[in-house]
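All chains, full assembly: derive it from the sequences and hints.
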Amino acid sequence: MLRKLNKAAIYGDKAEKEETEMVSSQEYTLMEKRMAELEEKCRSLQNQQAAVSSPEKEQILTAALSRVDELELQLSETKKTLDEATARQQEILSYTEG
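Using my numbering, you'd call the opening residue of the sequence shown number 1 and step up by one each time.
Treat the hints with care, as some may be off.
Unchecked claim - List of simulated lysine to aspartate or glutamate pairs, DMTMM-like, C-alpha gap at most 20 angstroms:
1. K80 x E70
2. K79 x D69
3. K80 x D69
I should point out that these hints are in silico values taken from the structure, not numbers from a laboratory.
This is the structure in structure tokens:
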């Protein structure tokens, strides 16, 4: 009765008017099975999260960002060298044509 009073206080008169729906044993066992599968999936996800902890993720991300910075620097140096080679080529072309 106390539970109904609490529900009534929260949900109004609706809680007292609700009728209890009977669940068959087959539906109940199916629900139990689905709950067990869901719990197993949750445990699996928790284990996966534990396998790659936050500090390890941070190290992986830091290493990846460091590699990106290195590649950007190499690309910048390569572009500079290419620009210099293009300028020399233009200089040679103008000398040979002129």
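Among the hints numbered above, which are violated by the structure, and what are their numbers in rising order? none
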